[in-house]
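Asks: Protein chains in written order, with numbering that gives the first Met the number 0: chain D, 0 to 280; chain H, 0 to 269; chain Y, 0 to 262.
Keep in mind the hints are simulated off the structure, nothing from the lab.
Keep in mind that a hint or two might mislead.
Cross-link-like lysine to aspartate or glutamate pairs, in silico, DMTMM-like; alpha carbons within 25 Å at most [stated by the list, open to error]:
id, chain 1, residue 1, chain 2, residue 2
1, Y, Lys89, Y, Glu74
2, Y, Lys110, Y, Glu154
3, Y, Lys99, D, Asp169
4, Y, Lys89, D, Glu185
5, Y, Lys89, Y, Asp177
6, Y, Lys89, Y, Asp168
7, Y, Lys89, H, Glu158
8, Y, Lys89, Y, Asp107
9, Y, Lys99, Y, Glu154
10, Y, Lys174, Y, Glu154
11, Y, Lys174, Y, Asp86
12, Y, Lys89, Y, Glu154
13, Y, Lys174, Y, Glu162
14, Y, Lys89, D, Asp169
15, Y, Lys89, Y, Asp131
16, Y, Lys110, D, Glu185
17, Y, Lys99, D, Glu185
18, Y, Lys174, Y, Asp224
Interface residues of chain D toward chain Y, partial, derived using beta-carbon atoms under 10 Å [what the hints assert, rightly or not]:
id, residue
19, Gly180
20, Arg189
21, Val190
22, Met268
23, Pro269
We treat Cβ as the ideally placed atom computed from N, Cα and C, and that holds for glycine.
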Amino acid sequence: MTMTRPTTSSPPTGTPPRAVPVRRRARGRLRRFRGLVGVVVAFAIWALVSRTGLVSANDLPTIPAVAQAFGTSWSPILAGLGTTVEGLFLGLAIAAVAGAVLGVLVGLSLWADAATDILVRMMRPMPSLALIPIAILVAGLGTEMTAGLVAFAAFWPVFINTRYAANSVDPRYVDTARSLGFSQWELVRRVVLPSVAPGFGTGLRISAGVAIVATISVELVAGTGGLGGFVLSAEQGGATAQLYAGLIVGGVLGWLLNLVLSTLTRRLMPWQAAVEKRGEN
Amino acid sequence: MAVLRSTTIRRPLPQRRFVRPVIGWAGVLVVALGWQLLAVALNTSIFPTFITTMQAVGTVLSGPALSQDVLPSVERALAGFAISAVLGVVVGLALGYYRRLGDYCATLVDFLRSLPTPLFVPLAIVLLGLGSQMVVAIVVSAAVWPVLLNAFDAARRVEPLHLDTARALGLRGVALFRRVLFPATLPSIVAGLRIALSTSLAVLIIAEILGASSGLGYFIQDAQQTFEVPETYAGVVILAALGWLFDTLFLAAEHRWLRWDQATAGGNRV
Amino acid sequence: MSEVLLDVAGLGKSLTSTSGDTLLINTDINLSLRTGEFVSIVGPSGGGKTTLLRTLSGLARPDTGTVSHRGATVEGVPPWMSIVFQDYTKTLYPWLTVEKNVRLAIRDVPKAPARQRVEAALAQMGLSGFADRYPWELSGGMQQRVALARAMICEPEVLFMDEPFASVDALTRSKLEDTVLGLWQQAGMAVLLVTHDIGEAVYLSDRVLVLSARPSTIIDTVEIDLPRPRAQATTRTLPRFHELHSTVLAGVEDPQSSEVAAR
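Excised from the complex, chain D in its bound form (with noise of 0.2 Å):
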């Protein structure tokens, strides 16, 4: 039995304007976990798939056949996933220091940032893959080698970030630090630096990524073990639900490392998203 409204109609005036239902706030509060339905479609079409043979078996191993595959393997998957946390850490934290560094010193300086701009642009597609023949060349194959070109290959992230952001602190800024008087030096402390902290991050969190990829690469390349190593010798020894395997730590370890940093750049610097969620004035 339909209700009929009268055309105008005004609420009384105590009711709050809430126009979403009760059973639909129940829902809001699940909002978070809606990422698991597109997790949970993916394993079922994976599943679908393998049991119609729509891809053969050898191409896209059962779930079953995978999951075998980390319960037999866990000693040689941990065993590379320690070796390349190691390679990774070592050259991630040398890039973070020296990309932020160098970057908020060219970053302030008009003519560092001008006479280094053609070289960034040359070297920022440059995969390190492509610079391990020179590097094995140079330093040989050992640990150096490796810690040493991740560093590099991930340098560069950070550094075109963090100078981008010491080239963009907003000159409102600058104006009230020097109506408050602030010194060259307060000025650098005080607001140039927690400016640029964000713009860090950001660039933090890509270069993970990178630092991730050089890794991987050089194990595949030179053989220095790891989750490279390890995907290596299944690929070689015909194992496909091995590398499957191998491949989802790996990007298990690369969806953490994107989680841990997005994290702390949030909770250490609240204002950005605050800033950006309240919009450009």
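Given the structure of chain D, go ahead and fit chains H and Y onto it with the hints provided.
Replies: Same frame as chain D, now just chains H and Y:
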């Protein structure tokens, strides 16, 4: 409105348009000079001088390697880039505009894009063999993400008022995407495309080094393994030049066709 | 008894735009500011009001002429001056709490007494209890009051304000205008206010200077002889208010002042 240049932190550059590139090339020149001097000082066969390397570059580019390796690489990179662009824009905008769908796929996307590209290569070799197909597939697997994520992000941030206006005017589906959503998100998409372009080139090399029998990556690897040292360095220099060339052409195209959006085009920002 | 705090003679300033052209913004500006005066500068948009304020306060250096602060030409902003800018989102540092932002102005003072002074300043602005919030958690009007607190806490002799109420709504604007009047009457400092709102200028000031369009110079000075204390409800309805408003408006709309600023 004339932008007031804040001269508070930094000493300003002279204001002509060619000044910045000139200084940039001066920087390159300084590095080349340093390279030359260092190589001469070290005098070792594994570190050729800048001049020797450039000579090798000339030889390589005038030889068979140009058509056998360099050009196929460029083709593969551009093909992969093109596919990534279309795929990234379409999927990114869809996930961004249809909120529910985007939320559902968010975690999956986050995971997929974290998969390290080099780990994909052995798998791609198993599935697609060695050759152009595999290389392009790897390129797409990496280059699609900057485009997709930027499109997604921009679609989420589109001014709701613009969308409401469009819907009030009766625009739906494809028409809405084409006439409102896409132009509104274009600046962000273009930024993503620029990153994707350099990613395409970088990933191309990775794929070729690890599993191709032709291409610039293969050339570099092969030269190193046969101890043709100047050729190895030459390959890397050609790669750097290609990277710069792609980027410069992209910026020029962007500047020419997107001049209406000065706000985000913002000059020579990296 | 009142001394000249700011003396400006023959001031001229040019700026270089991003395309490389040099534009003459201000030319031949002469004015003086005495202790305890409330002076407003009005003029058309793009006419160089902000540039003028930056030069007068020491943020920028004049190309021609002199700006003397208490008889001496100084580099930078002297400590007995404070500035309140228009865009409060970019002048309150988002990575500092309200309390820390205000304390920046008296950062040489040891922490404990400084905090007390900050609390007092915030209380004066009606912002008690917001000391540990971040600026972006506050409304526009509240943020601007924090900016005012920060400007006042070092007890300046001159307060510069660059269209400080342009970014808030009309109601908040009226309240802030009265807040400034109250601060001025209490502290007795000189105020130099740049605004495009003629009513605001007439309501607040002792004197209104009219700036022409670019290249701008002062084409008129209007003495405001309205009685004090002033109130939004009463002063603005006085016939004399409307007369003065028209006089200033005529000055702004003078053909001399509407040279088209080609963009």
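Asks: Against each hint, give a clear statement of whether it holds in the structure.
Replies: Hints, verified against the model:
{"no.": "1", "hint": "Lys89(Y) / Glu74(Y)", "result": "holds, 23 Å"}
{"no.": "2", "hint": "Lys110(Y) / Glu154(Y)", "result": "holds, 18 Å"}
{"no.": "3", "hint": "Lys99(Y) / Asp169(D)", "result": "holds, 19 Å"}
{"no.": "4", "hint": "Lys89(Y) / Glu185(D)", "result": "holds, 18 Å"}
{"no.": "5", "hint": "Lys89(Y) / Asp177(Y)", "result": "holds, 24 Å"}
{"no.": "6", "hint": "Lys89(Y) / Asp168(Y)", "result": "holds, 18 Å"}
{"no.": "7", "hint": "Lys89(Y) / Glu158(H)", "result": "holds, 22 Å"}
{"no.": "8", "hint": "Lys89(Y) / Asp107(Y)", "result": "holds, 23 Å"}
{"no.": "9", "hint": "Lys99(Y) / Glu154(Y)", "result": "holds, 17 Å"}
{"no.": "10", "hint": "Lys174(Y) / Glu154(Y)", "result": "holds, 22 Å"}
{"no.": "11", "hint": "Lys174(Y) / Asp86(Y)", "result": "holds, 18 Å"}
{"no.": "12", "hint": "Lys89(Y) / Glu154(Y)", "result": "holds, 23 Å"}
{"no.": "13", "hint": "Lys174(Y) / Glu162(Y)", "result": "holds, 15 Å"}
{"no.": "14", "hint": "Lys89(Y) / Asp169(D)", "result": "holds, 8 Å"}
{"no.": "15", "hint": "Lys89(Y) / Asp131(Y)", "result": "holds, 19 Å"}
{"no.": "16", "hint": "Lys110(Y) / Glu185(D)", "result": "holds, 18 Å"}
{"no.": "17", "hint": "Lys99(Y) / Glu185(D)", "result": "holds, 15 Å"}
{"no.": "18", "hint": "Lys174(Y) / Asp224(Y)", "result": "holds, 22 Å"}
{"no.": "19", "hint": "Gly180", "result": "holds, 6 Å"}
{"no.": "20", "hint": "Arg189", "result": "holds, 8 Å"}
{"no.": "21", "hint": "Val190", "result": "holds, 7 Å"}
{"no.": "22", "hint": "Met268", "result": "holds, 7 Å"}
{"no.": "23", "hint": "Pro269", "result": "holds, 7 Å"}
Comparing the model with each earlier hint shows no violations; every hint is respected.
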